[in-house]
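K.L.:
Here is how the chains run, residue by residue.
Number of protein chains: 2
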Amino acid sequence: MDDRRKGKLTLVGLGLHDEKDISVRGLEEIRLADVVFAEQYTSALREGALAEIERACGKSVQLLDREELEEGARVVEAAEERRVALLVAGDPMTATTHVDLRLRAAGRSIDTAVIHAPSVLTAVPGLLGLQHYKLGRVTTLPFKREGFAPTSPYEAIRDNMNRGLHSVVLLDIDAAAGRFMTANEGLELLLDMADRAGDDDGMTTRSLACVVARAGSPDCILSAGSIGEVMAMDFGPPLHTIVIPGKLHFMEEEALRTFAGLRARARSHL
Amino acid sequence: MDDRRKGKLTLVGLGLHDEKDISVRGLEEIRLADVVFAEQYTSALREGALAEIERACGKSVQLLDREELEEGARVVEAAEERRVALLVAGDPMTATTHVDLRLRAAGRSIDTAVIHAPSVLTAVPGLLGLQHYKLGRVTTLPFKREGFAPTSPYEAIRDNMNRGLHSVVLLDIDAAAGRFMTANEGLELLLDMADRAGDDDGMTTRSLACVVARAGSPDCILSAGSIGEVMAMDFGPPLHTIVIPGKLHFMEEEALRTFAGLRARARSHL
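Residue numbers (this note's numbering), protein chains in the order written: chain A, 1 to 270; chain B, 271 to 540.
Do not take every clue at face value.
[Claimed, not checked] With the C-beta cut set under 7 Å, the calculated list includes, among others, these residues of chain B facing chain A:
no.	residue
1	Arg295
2	Ser330
3	Val331
4	Leu333
5	Pro388
6	Ser389
7	Tyr403
8	Ala445
9	Gly448
10	Glu524
Hints were generated in silico from the structure; no laboratory data involved. Every value quoted in this text rests on a predicted model; they were computed, and no experiment measured them. A virtual CB, placed ideally from N, CA and C, is assigned to each residue, including glycine.
Kindly produce the complete structure, drawing on both the sequences and the hints.
P.N.:
Here it is, written out as structure tokens:
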């Protein structure tokens, strides 16, 4: 074997929920890889999914800790002379850390590639029947931490709402602690932000909200109703995603009634 | 066999480019289906991809014409008592017609499901290294037709630009005519719209634009530069997508330089 092979780094998307969301191209790349890493900080599949992928591909997957992911040296060095696949839930490159890693590899003249996969950003509105050309800026709700209580996610939603656009609200993941924000926690955080923002006509428990739990899984749950109604429900295991709809087209409202159990007349403003 | 079986309609996403972008779950569903339809009006894979899927699954795929897709009866009737898969490029449910079809089936008490796949809406910004939380409203450029010359796509881009957000611009497909709008045609249409909108500081050939050709394919091309530079290039076969970047974070600009050949200092406003 030549002692100076050309390496490659491919970010392989795993999709939404389990080992069956990866594309045929993604599976092929894992089978061809010399080294397979995975990270579970930017998103995560259901428990056991990586083990299934290991079985399906006959490869062992090395899990990166947060520092190894962010600092990147372990992955980049491996890719200097070997074919490396980094497995990422969802569609890769949605997190800055993936762009950073790809840039570090390119900076060392390592070939890089991306293999795409389903993303919650299109799956969730699609499941709800909400039109993609009416999606505003996506926002993420971080866990509350001592001295860290931003209202910017609420302001992004309000900004979308003011132009009649829907807001997809991603929920924080604390992978190290195996902690995933529930839709109920997220809605409570949003109501708290609305209080602190102090709008006259801000978000209340009567505002319309949608929740999608386990998008892409066979036991996916869709729910639409007032925040009060939705917060009272138990959506089960992660991942959960919130959508705050803007102005609803009649077909969108019919979809929410048919697929997400919307009952009352939708109050599709904050 | 019982003469009154319960049917099902599953919209199966095919992803971005060819037969390898479908998920493992999607392939399984096609193999289980009694009837497999496909439509190529809302988007399309490269030529020959459907034939490859037929081969891989040992199923023949029936192509729907536009009327059958929009009017829906052929698909819904087939799903009354049989397991039907409707193959759709990209992630399903991004087009109103899919939501409409799913509602018609549900209205006949037919079970429906969606199997997700990679979408250009996340793949294209991801390939360019643009941050998803900075994506504004997506817009589509329709082919110019007699007495039909909207400026709304340009206005959507300007609206995103005013908030520093990136604009993904999808390009029209005339499947019946086998015609796909090129990025060059699209940029020309945008410049024409900018003229007619008559802004003081509107889009010109000096404005920054990105093009992604054949996202998800092995011969994908990424290009970033002034509209003048980009319009002079030949991006080859479809599909092409345009992105008009808003305010660039330094890492986004570095990604455009590294992966999309951005040379001059980016003028990331119209």
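K.L.:
Work down the list of hints and note, for each, if the structure agrees.
P.N.:
Quick rundown of the hints versus the structure:
1. Arg295: holds (4 Å)
2. Ser330: Violated: closest Cβ of chain A sits about 20 Å from Ser330/B, beyond 7 Å.
3. Val331: violated (16 Å)
4. Leu333: violated (21 Å)
5. Pro388: holds (4 Å)
6. Ser389: Holds, because the Cβ-Cβ distance from Ser389/B to chain A comes to roughly 4 Å (cut-off 7 Å).
7. Tyr403: Check passed: Cβ of Tyr403/B comes within 6 Å of chain A, closer than 7 Å.
8. Ala445: With a minimum Cβ separation of about 19 Å from chain A (threshold 7 Å), the hint on Ala445/B is violated.
9. Gly448: violated (24 Å)
10. Glu524: Glu524/B check passes; min Cβ-Cβ to chain A is 6 Å, inside 7 Å.
Hints 2, 3, 4, 8, 9 from the earlier list are contradicted by this structure; the remaining hints agree with it.
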